[in-house]
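Engineer: Quick mapping for you: the protein sequence lines, in order, are chains A and B. Once you know that position 262 of the first sequence is 262 in the UniProt record's numbering, the rest is easy, because the numbers rise by one and skip nothing. Once you know that position 351 of the second sequence is 351 in the UniProt record's numbering, the rest is easy, because the numbers rise by one and skip nothing.
None of these hints come from the bench; they were simulated from the model. Note that this is a predicted model, so its numbers are computed, not measured. Ideal Cβ placement from N, Cα and C applies to all residues, glycine included. Please note that a few of the clues may not be correct.
No farther apart than 20 angstroms at their CA atoms in a straight line, the calculated lysine to aspartate or glutamate pairs in the DMTMM-like style are these [what the hints assert, rightly or not]: (1) B:Lys312 x B:Glu272; (2) A:Lys308 x B:Glu119; (3) A:Lys322 x B:Glu79; (4) B:Lys93 x B:Glu119; (5) A:Lys308 x A:Glu60; (6) A:Lys106 x A:Asp228.
One-sided and incomplete, this derived list gives chain A residues near chain B with beta-carbon spacing under 10 angstroms [what the hints assert, rightly or not]: (7) Ala54; (8) Lys100; (9) Pro123; (10) Gly229; (11) Met232; (12) Arg239; (13) Gly241; (14) Ala280; (15) Lys308.
The following residues of chain B were derived to be distant from chain A, with all beta-carbon distances above 12 angstroms [stated by the list, open to error]: (16) Tyr116; (17) Gln123; (18) Gly197; (19) Phe298.
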Amino acid sequence: MVTGVSRDAGARCARRLAADPSIDTVIGIDVVPPRAELGRVRFVRADIRNPVIAKVIAGEGVDTVVHTGVVATPGSAGGRSSMKEINVIGTMQLLAACQKAPGVSKLVVKSSTTVYGAGPRDPAMFTEEMAPRAIHQTGLSKDAVEVEGYVRGFARRRPDVCVTTLRMANWIGPQTDSPITRYFAMPVIPTVFGFDARLQFLHESDGVEAIHHATVQDRPGTFNLAGDGILMLSQAIRRLGRPALRLPSFTAASTAVVVRRARLADFSPDQITFLTYGRAVDTARMRTEFGFEPAYTTAQAFDDFRAKLGTGAVTATARLLKGALRG
Amino acid sequence: MADADVIPIGSGGRPGRGTGRRTTPSAAARALAGTPRKKSSRKAADNPGPVKEEAVPTAGVDEVGADAVPGGMDFAGFERLVRDTFGAEGERKVAEWLAFLRRRLTGEYEVDEFGYDAELTDQVLLSVLRPLAEKWFRVEVRGVENIPDTGGALIVANHSGTMPLDGLVTQLIIADHAHRPLRTLAADLVFQTPFVGELARKGGATMASNDDAERLLSRGNLVGVWPEGFKGIGKPFSERYKLQRFGRGGFVSAAMRTGVPIVPCSIVGAEEIYPLVGNIASLARLLGVPYIPITPFFPLLGPLGLIPLPSKWLIEFGEPIRTDDFPEGAADDPMLVFNVTDQVRETIQQTLYALLMQRRSVFF
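Starting from the given sequences, assemble the full structure and let the hints guide the process.
Structural biologist: This is the structure we're talking about:
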């Protein structure tokens, strides 16, 4: 059973699992019907915030639950309170239902590296054991921390269930639609003056593969997942060939409001701190214990995303200038 | 001769007459154009301004013929200008710089996971520092052979001088003398400050924490640490060359866990660059910084007071202290860690006294 299939990431994971012949049935769960083609996936319209989810699990004889239903953007969920409801209450209900279902033997949770927060006092690389130094009291990172807390509680109460938590770096790729891809798609990219964030990306196909890997293999534990290497924010923007607008940090909140009004991108405060200080995670355990090798490095994933985005204004101007010089 | 027509610059290299496709002049035209070019280029060297205009038509034919690239001539002209002004060696340097600039502008460079931008550091940051260290402070270096050529090592130095210039100079010295990048450990305040934090990360600094230090050391990096921290750098001028407490000895346990040697480093001269005679404590508290310095020239002379005094610097690297022969779990033995910390501190203090005896005066 896969939750959150009406959104792109969930739908892709469900399709990938359905394409695997070793898995009998894949049930997709969401509140709204998916827009994307799901193929062999059987869609069940159910709300994970509702106890009815327990009936679905019992009735269908679900043995593996893949939870991709954590929402990153308040906009798509219909407001911040609704987002929190889906993320936290939804996870609680889902785990409660799983706990009552004796048939469930595996839980895969798609979490995010936002659980580490972002701040100036951060170590260069977070390993899975490290506690966050600076965590925002709102937004996705707070939700992700709470979700992981409930997942740990569930793992304690049901030691027979193999629980895998995947802390993924920001997905990027030609098909991903997330705050970070929208941010890079803006014609002029605002950045925080005097700071340059270290970014790590995970290619969307690697993300889907990792969830499949966690579903078919038994690898309990918490793992950081990210492509190799890092990109600096300024470097990424230069690679896109887009102009950057460096604004002082105190204008960041108001800029985010303007950007949201213009429907260009949707920023929460924790994303602003992420784009100020950046974050990098250690992926040694991803290779040794989880046994997964991403096909794309951070830079390659970003290049793939760039190819879809087309040329930015700076590159276009440079080409025009070059053309003019050559007559 | 018909082929040696003047090719207008604005037409994409196509000649005014003929098929409009042919861009290569005949061999005869090239032979003809060969000689005047030399003359024109020499003329251009003497007087690039007016001569350029009359040299363009002939050179245009020639360069289009040689490169067969329409519009290649503006680059060719630039290339010639560069060669005339800087010579062959200079031309290579300018080409390298242009390639560097191009890589920077397109983002095609590598940054390691700590944010260290090796290219930017070598090409820009250290080049800016070099005259300061060599001409202004006239740094004299001793004991470079104590820095290992390969593998990790922890360089522990005294901190002084109100502004952490000693860290930057040490980084430059090690890059120039030991030909290895020094990765420094900096206070969290550095990474909270705009620009400073950004440049520090690109220059190879990272948070002074055991996690980062051990990660750097276990990958065989040369790591520099100034364990006195703000206590050392912000101490009054009257206490110069008196080592402060060496933190909590975290650097020793990091070296022990990774089994790398500790190289004590004594820096003389940095104390006198900004003699700290006072501290605006209330303003410092308000701004959340450890101190607001008052020196004889700052804030009295305003920005002029920010120019460091040209003291003479001596940097000596001492004998490495091995940490790999300690028993397992030694890093978790506080007594042992404190003993080694004291040993490092004593070594640096004694070397400082010895160097001060050798120094003839503060400025020479």
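Engineer: I'd like to know which numbered hints this structure contradicts. Please list them from smallest to largest.
Structural biologist: 2, 5, 6, 7, 8, 15, 16, 18
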